[in-house]
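Novice: The listed protein sequences correspond, in order, to chains U and P.
Here the first sequence stands for residues 34 to 174, numbered as in our numbering.
Here the second sequence stands for residues 65 to 941, numbered as in our numbering.
Calculated from the structure, these hints are not laboratory results.
Hints should not be assumed to be uniformly reliable.
Claimed, not checked - Under the rule of at most 30 Å between Cα atoms (straight-line distance), these lysine-lysine pairs were calculated in the DSSO-like manner: (1) P/Lys615 - P/Lys529; (2) P/Lys451 - P/Lys483; (3) P/Lys350 - U/Lys50; (4) U/Lys77 - P/Lys471; (5) P/Lys139 - U/Lys60; (6) P/Lys447 - P/Lys402; (7) P/Lys233 - U/Lys62; (8) P/Lys584 - P/Lys529; (9) U/Lys172 - U/Lys141; (10) U/Lys77 - P/Lys350; (11) U/Lys50 - P/Lys175.
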Amino acid sequence: IRFILLQNRQGKTRLAKYYIPLEESEKHKVEYEVHRLVVNRDPKFTNFVEFRTHKVIYRRYAGLFFSLCVDMTDNELAYLESIHLFVEILDHFFSNVCELDLVFNFHKVYLILDEFILAGELQETSKRAIIERMGELEKLE
Amino acid sequence: MNPFSSGTRLRDMIRAIRACKTAAEERGVVRKECAAIRAAVSENDQEYRHRNLAKLMFIHMLGYPTHFGQMECLKLIASAGFPEKRIGYLGLMLLLDERQEVLMLVTNSLKQDLNHTNQYIVGLALCALGNICSAEMARDLAPEVERLLQFRDPNIRKKAALCSIRIIKKVPDLAENFTNPAASLLKEKHHGVLITGLQLCTDLCKASEEALEYFRKKCTEGVVKVLKDIANSPYAPEYDISGITDPFLHIRLLRFLRILGQGDADASDCMNDILAQVATKTESNKNAGNAILYECVETIMSIEDNSGLRVLAINILGRFLSNRDNNIRYVALNMLMKAITVDTQAVQRHRATILECVKDSDASIRKRALELVFLLVNDSNVKPLTKELIEYLEVSDQEFKGDLTAKICSIVEKFSTDKIWYIDQMLKVLSEAGNFVKDEVWHALIVVISNASNLHGYTVRSLCKAVQTSGEQESLVRVAVWCIGEYGEMLVNSTGMLDIEEPITVTESDAVDVIEIAIKRHTSDLTTRAMCLSALLKLSSRFPACSQRIKDIIIQYKGSLVLELQQRSIEFNSIIEKHHNIRSLLVERMPVLDEATYNGRRAGSLPGTASASNGAALNLPNGVAKPPAAPLVDLLDLSSDDVPTPSPSGGDFLQDLLGVDLSPASSQSGTIQAQKSGTDVLLDLLSIGTPPARSSSSTSDILSSIQDNKTSSGTLERLSSPSALSAQSSSPAGGSPIMDLLDGFAPNLATQENNGPSYPSIVAFESSSLKLMFNFSKSPGNPQATTIQATFTNKSTNIFTDFIFQAAVPKFLQLHLDPASSNTLPASGNESITQDLRVTNSQHGKKSLVMRIRIAYKANSKDVLEEGQINNFPRGL
């Protein structure tokens, strides 16, 4: 995975995690381009778009677009599943998560993400394990 | 109290920012917060540091610059408590990346944290390291991470595994250290560790060959067993996703097996059973199941041949292809591209479905399908496929048209069996999407047309029809204009009718009409107009009745602001007016452009001929080099003949040989030298009896074309100086002032440089009526270059007029002709003409100069031509 973006329909980035080094200005450009690509796609189309030399796998949940940029050789369907798993975890953690939750608790969202994906690869596939761990981490605060 | 003091809680700040109604308001709020944070930073405020950093991160996410916070991260990481460290690391990962030097300062803290007793802190450190470490940090901290691979807590182990992946990516040499511990990870029960371990092993295999071997020998069976277990495992709520236990693990296992099995027959054998089982038993109504099947198919395709499995795989793909879900179809198309290399037949069966996909409304699917179709084309199905594609071309949308056109053109070229079909298809494509067609494509078309002599009539008639309907497609217009120019009389006389054609009547003025429309259209660009002018010249000779009208059209461009058009217009005009006698020779049918050479050239292999001396280009206005961007189209020749000079000059394929060549002379002669091996044969300028090897490229110089009706194709290195041209065109009757400019000969004798070794003058050539002497001089600094002053003396009693001297040299020499002092040679040696030549000998010292010359003049109103070879150059030149 090269980067993960969470954007709303207007283009505001709610979460941006990059696993490759990019300059600030490049990051903004990338976010803008991905948003444009993704927001205009008809829901009937595939969830995979070519982006520069990689693929973007995206899914829309309510008003948020979850986009993952991966290499050309990766299994798209698997990443689609992982997006869904991530959303489920968020849902469980925040109890019926909505966009506002993500905005106000962005640091927690990052923590969850870091438990789920590290160095661009999947770290843990069990929802329960991740939630448990988050619980432990919260206790330490 | 200041609402924005450092005491503000994070929530409140976020709320305040969200409450702003305008961007300016938001900026104001952010600015105040930043100021407060900056103040706190400089005061070294401990208490609220982590809150401030959290605020800073939020501001960063909004897009504002936050560099002043970087040191704060470091301080937070260095502090003792977990919450501070957590925010510190988070800030680190968000605000910094591996390329910043500040990161080095963190290395020490990271090292300490990696050895911390609190495993959560260790986890934090591993996380940060895994996400943003740089190469040096990786090297420093690798041993710690290695140790942690065997830590007691599985959470740490899995983080350490992923961290190692990054380390290996950054420093591939360290791969050996990680091989052993990684292998032990594969025996874990904990899914998280197993997955990360698999990932680590996969990357290790990619990074190092030995690791791959090691894993192959030791771990293949183990992995197969794990896959078997998990495929057969009962329902496990923790990992269940839509009925399948941990599909992610399945997929990772399959991928690892793929790497292990690729290229190795034994390993592949091990896996066959389990692959078959997974392929058949996995449910495919949910995405998770499909994901597993997809990975399985990919694995089957990559490992060593096993036809049973392969059939299974292709069946699955076939099912995918007809699935209603777009995602699945996309994935299937992707896979089919790889499957083609394995089993073309099977894929051909699905051709119809794939063609449907080309027309799908989803852009991603269309693209994939098109590529797949391209791979599927073979001799038997090319005609129907092309037909379909061309029909689709008409309705496709703009972005797609470019791709589609390119693909259709390459298909047609590769697989065309007979010329008429090729021409037909290309015509259709050009009419539809000519604007998207690249230059090489219509050049190739012209080459093919010129080779298909029996189809000339048919072609020109079809083109005429086509251009009347689709005149806005540039390429189509260009090809049409060229053909009408070349084969105009076939058009009018309806020669060479094929059975399938309907008779049409086209009069001469109709033909001229077509060209006139093309040239007048405001969207036509420079190339098109230039080609139109050339075509008009040709027509003026083939249709003498329209000559006046053509002349009128051409004259309109005399004052054009574009140099190329102006030049052509004036020159052509003068040819029409004054030079009737040579006009028909000039516009003779183009020699057949040799396809093989053309293809070779296109591949960039042949550099090509053309004026080695660009001397022509230099001194005279008509030879002024054009801006490289404009495709330089030669007077008469349009395509392919010319050299696609190697990139230095922009590699434009159509280049004017007539001295407007842009490429540096040296590169050309160098490449020409390289290309033609061996023979020192003097290539004859306008050779009579061309050496057969060089029959291909024809020069397209006015002068050479005079010869073309005698020989097949001239080419080669000829040097006609434009002084020759201007000599022709500046015949006495004062032309327009522009003509005089073209006259261009200020007796431009190069000053003799008499320093340097002197060489004896030689009588280069002598005949009964003419004597030619060469005087040599060299400049001391440049031993390879020689300046020759040629002196022509008239031995007869007739005055010679229209005196033109030309010379040709072998490839290792470069020759540059200056304009002659005059082109009238008075009788009996009363006066002589002098002309300077500059020769550069790249084989100076090894070979001496040789030269072949040709002199043309008029004596007693008779044209005389003398030729000779000069072998008596002094040595050492």
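Novice: Hint by hint, say whether it matches the structure.
Specialist: Hint by hint, here is what the structure shows:
{"no.": "1", "hint": "P/Lys615 - P/Lys529", "verdict": "25 Å, holds"}
{"no.": "2", "hint": "P/Lys451 - P/Lys483", "verdict": "16 Å, holds"}
{"no.": "3", "hint": "P/Lys350 - U/Lys50", "verdict": "29 Å, holds"}
{"no.": "4", "hint": "U/Lys77 - P/Lys471", "verdict": "27 Å, holds"}
{"no.": "5", "hint": "P/Lys139 - U/Lys60", "verdict": "26 Å, holds"}
{"no.": "6", "hint": "P/Lys447 - P/Lys402", "verdict": "24 Å, holds"}
{"no.": "7", "hint": "P/Lys233 - U/Lys62", "verdict": "26 Å, holds"}
{"no.": "8", "hint": "P/Lys584 - P/Lys529", "verdict": "19 Å, holds"}
{"no.": "9", "hint": "U/Lys172 - U/Lys141", "verdict": "13 Å, holds"}
{"no.": "10", "hint": "U/Lys77 - P/Lys350", "verdict": "17 Å, holds"}
{"no.": "11", "hint": "U/Lys50 - P/Lys175", "verdict": "24 Å, holds"}
In summary, this structure violates none of the numbered hints.
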